[in-house]
Amino acid sequence: MTEVTEEVMVVNALGMHARPAAALVQTTLRFESDVHINFRGNTVNGKSIMGLLTLGAARGSRLSVTCFGPDAEEALAAVRQMFASGFGED
Amino acid sequence: MDLSRLKVKRKQFIPVSRMLEHMTQDLDFELLAGFQGVERPVFSWDVNRPGLALSGYLEYFANDRVQVLGNTEIHFMKRMRPAELANRLNNMFSFEIPAFVLSRNLLPQSILLDMCNRYGIPVLRSAMSTDEVISRIILYLTQEFSPETVLHGTAVDVYGVGCLVVGKPGIGKSETALELVERGHRLVADDMVELKRRRADYLYAQTNKTVKHCMEIRGLGIIDVRALYGVGRVRNFKRIGLVAELEEWDEKASYDRTGLLEHHLDIIGVKIPYMRIPVRPGRNVAIIIEVAALNQRLKEMGVHTARDLNEDIMRSNKGQTR
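Line by line, the protein sequences give chains P and A.
The numbers in the working numbering rise by one with no breaks, and the one at position 62 of the first sequence is 62.
The numbers in the working numbering rise by one with no breaks, and the one at position 243 of the second sequence is 243.
Just to be clear, a hint being listed does not mean it is correct.
[Claimed, not checked] Pair by pair, the computed Cβ-Cβ distance ranges are: (1) Arg239/A / Asn38/P: 22 to 32 Å; (2) Asn38/P / Lys318/A: 53 to 63 Å; (3) Gly15/P / Glu182/A: 28 to 38 Å; (4) Asn38/P / Arg79/A: 50 to 60 Å; (5) Gly15/P / Asn71/A: 49 to 59 Å; (6) His17/P / Gly51/A: 49 to 59 Å; (7) Phe13/A / Glu7/P: 25 to 35 Å; (8) Gly15/P / Ser135/A: 35 to 45 Å.
It should be emphasised that the hints constitute simulated quantities derived from the structure, not laboratory data.
Cβ coordinates follow ideal geometry from the N, Cα and C atoms, glycine included.
Okay, chain P solo, but in the shape it has when bound (with noise of 0.2 Å):
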């Protein structure tokens, strides 16, 4: 078992709403590990897309993402990829 923290940004103008929160998601669901964002001291599962919803997360929040389980490496880099590229929008 594997634990690895990292810091993501929310690049995207509309922050995380239902559309990156499903892509999110459907990515976290294909790893075995448990993910865990921390935002402004709220921790939520990153495999609840209500969770994902309560976040608030504007552009340019900084989010904390932990992941923890035999695939954490492999579910990070998805995450951060997914963060990285906006969730494929502006």
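We have chain P already, so just place chain A on it with the hints.
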């Protein structure tokens, strides 16, 4: 269920402004003086009556608590000469004091208000009696300082028993909750359940203010349970009395078949009855949770079916021993 990685939040302090907001909303507190000090932190849930401090004894002065001034303190101050009172207050104010609270709509010496304005110490006032003010403040502050956490799961009020349904993503927590709502029960929160401890042994689930009673059902997307089923099928707050963990059906695993053993789960220091429910296609989990809730109520009323039946059997066996 592994809760060791659960993140528990506990407030270190709360600003007086937050307390004031609550107290003016639900109770009749007003702010008399010290407006600029409303961001002062309160570090303790307890209150202090500063009688001894006013009389000049400042050792062991519980300055970090909310200071409640009742009839005794106000009339004691009125007997003091203004210069003497100013001096005593000056000494008291060399400590950090979060706020003063006056009961019974008492009017303090103007010198107290003037000095609190100068030092920026908020002075709050209520019409309630002193003991009521004290118990309300303590009740409010213990709630604010109680530990809280967020759990991935679903909370539904089933026949008056708050049921927390947990399990791996995709196991069917939301679908189970939806079926329970369909059967007349009330949704508290889906996906993100905010849990708060009250007193030593009460655990409460709370609705998230952003997503409210919305839930995500795979294949449908986001639905609003309140809009679809009406206000009668939702609630914002419920004490948790049962935790049900859904897990994949495993032929080899041994599930509880008698109900004689009682399992508990410790969630932020509160022990909650806990059961594991194996799920497989065609098994109606909602009905099982419904019955579990009813059975829990029966136990609380003193009827423990599994144990009672077993005792009957053992007694009868004993009688027949040859």
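At the C-beta level, are Gly15/P and Glu182/A separated by a distance inside 28 to 38 Å? Given range 28 to 38 Å: holds, Cβ gap about 34 Å.
Falls inside 35 to 45 Å, the C-beta gap from Gly15/P to Ser135/A? holds, 43 Å
Please check whether Arg239/A and Asn38/P have a Cβ separation lying inside 22 to 32 Å. holds, 28 Å
Is it true that His17/P and Gly51/A lie within 49 to 59 Å of each other by Cβ? holds, 56 Å
Just to be sure I understand the hint, the distance between the Cβ atoms of Gly15/P and Asn71/A should be within 49 to 59 Å; is that true here? holds, 54 Å
Would you say the C-beta atoms of Asn38/P and Lys318/A sit inside 53 to 63 Å of each other? holds, 59 Å
Could one say that the CB atoms of Phe13/A and Glu7/P fall in the range 25 to 35 Å? holds, 27 Å
Given a hint of 50 to 60 Å, does the C-beta separation of Asn38/P and Arg79/A actually sit inside it? holds, 55 Å
Consistency with the previously given hints is maintained throughout, with no hint failing.
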